[in-house]
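Peer 1: Given these sequences and hints, build the entire structure.
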Amino acid sequence: QVQLVESGGGLVQPGGSLRLSCAASGSIVRYKVMGWYRQVPGKQREWVATITWSGTTNYADSVKGRFTISRDNAKNTVYLQMNSLKPEDTAVYYCNRESFRGLVDWGQGTQVTVSS
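In our numbering, each number is its position in the sequence shown, counted from 1, plus 9.
Hint data in this document are derived by calculation from the structure and do not stem from the laboratory. Mixed in with the good hints there might be a few duds.
Below, in silico cross-link-like pairs of lysine-lysine (DSS-like), each with a Cα-Cα straight-line distance of 27 Å or less [claimed, not checked]:
(1) K73 x K95
(2) K73 x K41
(3) K84 x K41
(4) K95 x K52
(5) K73 x K84
(6) K73 x K52
Peer 2: Right under this line is the structure:
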């Protein structure tokens, strides 16, 4: 059963923008935190941004001021607006959610490539 489905990835030039979406099965307000991570082949998956059930957001220093995480509870969807993209933002981006009981789900990922 698919729990999280990411979309919105693609190829964009440096300085461009993309908006990623993460559609969740079930109500996202039931989860303690939802977040975005990214991974480059050969490297560990790294945290990008999170949003808690109360709406508190946090960002990795590398994306602060450029990326914005948000959510639409009615659509059970979390977004990642990415502006001023850099080649080093190229990665597979994964959506994640953690329940209040500590259970974690991951999506299948969506590729983001920043290149001229």
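Peer 1: Are the Cα atoms of K73 and K41 separated by 27 Å or less?
Peer 2: holds, 22 Å
Peer 1: Do the alpha carbons of K73 and K52 lie within 27 Å of each other, as the hint requires?
Peer 2: With Cα atoms ~21 Å apart, K73 and K52 stay inside 27 Å; holds.
Peer 1: Is the straight-line distance between the alpha-carbon of K84 and that of K41 27 Å or less?
Peer 2: holds, 17 Å
Peer 1: Does K52 sit within 27 Å of K95, going by the straight-line distance between their CA atoms?
Peer 2: Distance ~18 Å between K95 and K52 Cα, so the pair holds.
Peer 1: Does K84 lie within 27 Å of K73 when you go C-alpha to C-alpha?
Peer 2: Roughly 26 Å between the alpha carbons, so the hint for K73 and K84 holds.
Peer 1: K73 and K95: Cα distance at most 27 Å?
Peer 2: holds, 13 Å
Comparing the model with each numbered hint stated earlier shows that all of them hold.
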